[in-house]
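Can you make the complete structure from the sequences, with help from the hints?
Reminder that position 112 of the sequence shown reads as 1475 in our numbering, one-by-one numbering, no gaps.
No lab work stands behind these hints, which were simulated from the structure alone. Note that beta-carbon positions come from the ideal geometry of N, C-alpha and C, so glycine has one too. Please note that the accuracy of each hint is not assured.
Claimed, not checked - Result set (BS3-like, lysine-lysine): computed pairs, CA atoms no more than 27 Å apart in a straight line: (1) Lys1464 <-> Lys1435; (2) Lys1435 <-> Lys1376; (3) Lys1432 <-> Lys1376.
Claimed, not checked - Just the calculated beta-carbon pair ranges, DEER-fashion: (4) Lys1464 <-> His1439: 10 to 20 Å; (5) Val1417 <-> Ser1368: 18 to 28 Å; (6) Lys1464 <-> Val1434: 22 to 32 Å; (7) Lys1376 <-> Arg1437: 15 to 25 Å; (8) His1439 <-> Gly1465: 28 to 38 Å; (9) Val1428 <-> Lys1464: 30 to 40 Å; (10) Glu1409 <-> Asp1445: 44 to 54 Å; (11) Leu1378 <-> Asp1461: 38 to 48 Å; (12) His1440 <-> Lys1464: 15 to 25 Å; (13) Lys1376 <-> Val1417: 17 to 27 Å; (14) Ala1463 <-> Glu1409: 40 to 50 Å; (15) Gly1405 <-> Glu1459: 31 to 41 Å; (16) Pro1484 <-> Arg1374: 22 to 32 Å.
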Amino acid sequence: MTSSSQAAPARFKDLCLDARDHQALADWWCAAMGYERREGEGPVGEPVAIVDAVGGGPLIWVCPVPEDKAVKNRMHHDVYGDVERLRGLGARVVAEPDAAKGIAWHVMRDPEGNEFCVFAPTG
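Shown next as structure tokens:
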């Protein structure tokens, strides 16, 4: 047995999003990120697992919760993407880039209000 000082540091495994309508939000994130629902989905009331269609991104669990989102996220995720495309899918812009402050990204909210940052795609 190893002591805690010799144990490996923690690593991210999956991402989880809470949603009142987790089925609809799973579909939204699939459309936004090019993901698809993982095969072998469980019962309707269970979390929905979505996966990167090309295998490069993390597994995302969209989990049902009974309440609406009430406060700003304490943790959020950053994505590369096209702001206008995401807006067309139903995301809302919360904050625009501000070069004077060194902010080069948009802050957006998904249809349930979860914040995420959008960076311009890189070459």
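Cβ separation of histidine 1440 and lysine 1464, checked against the hinted range 15 to 25 Å: 21 Å, holds
Satisfaction of the hinted span 22 to 32 Å by the C-beta atoms belonging to lysine 1464 and valine 1434: 23 Å, holds
Distance restraint between lysine 1464 and lysine 1435, which requires alpha-carbon spacing of 27 Å or less: 21 Å, holds
Range hint compliance [Cβ, leucine 1378 to aspartate 1461, 38 to 48 Å]: At roughly 27 Å between Cβ atoms, aspartate 1461 and leucine 1378 fall outside 38 to 48 Å, so the hint is violated.
Cβ distance range 44 to 54 Å for glutamate 1409 and aspartate 1445, holds or violated: 32 Å, violated
Pair hint outcome, lysine 1435 versus lysine 1376 [Cα-Cα no greater than 27 Å]: 23 Å, holds
Supplied distance hint 30 to 40 Å, evaluated on CB atoms of valine 1428 and lysine 1464: 33 Å, holds
Range hint compliance [Cβ, valine 1417 to serine 1368, 18 to 28 Å]: 39 Å, violated
Hinted pair lysine 1432 and lysine 1376, Cα distance within 27 Å: 24 Å, holds
Satisfaction of the hinted span 15 to 25 Å by the C-beta atoms belonging to lysine 1376 and arginine 1437: At 19 Å between Cβs, range holds.
Satisfaction of the hinted span 28 to 38 Å by the C-beta atoms belonging to histidine 1439 and glycine 1465: Violated, since histidine 1439 and glycine 1465 (Cβ atoms, about 18 Å apart) do not stay within the stated range.
CB-CB spacing for valine 1417 and lysine 1376 relative to the 17 to 27 Å hint: 20 Å, holds
In terms of the numbered hints stated before, the structure departs from hints 5, 8, 10, 11, listed from lowest to highest.
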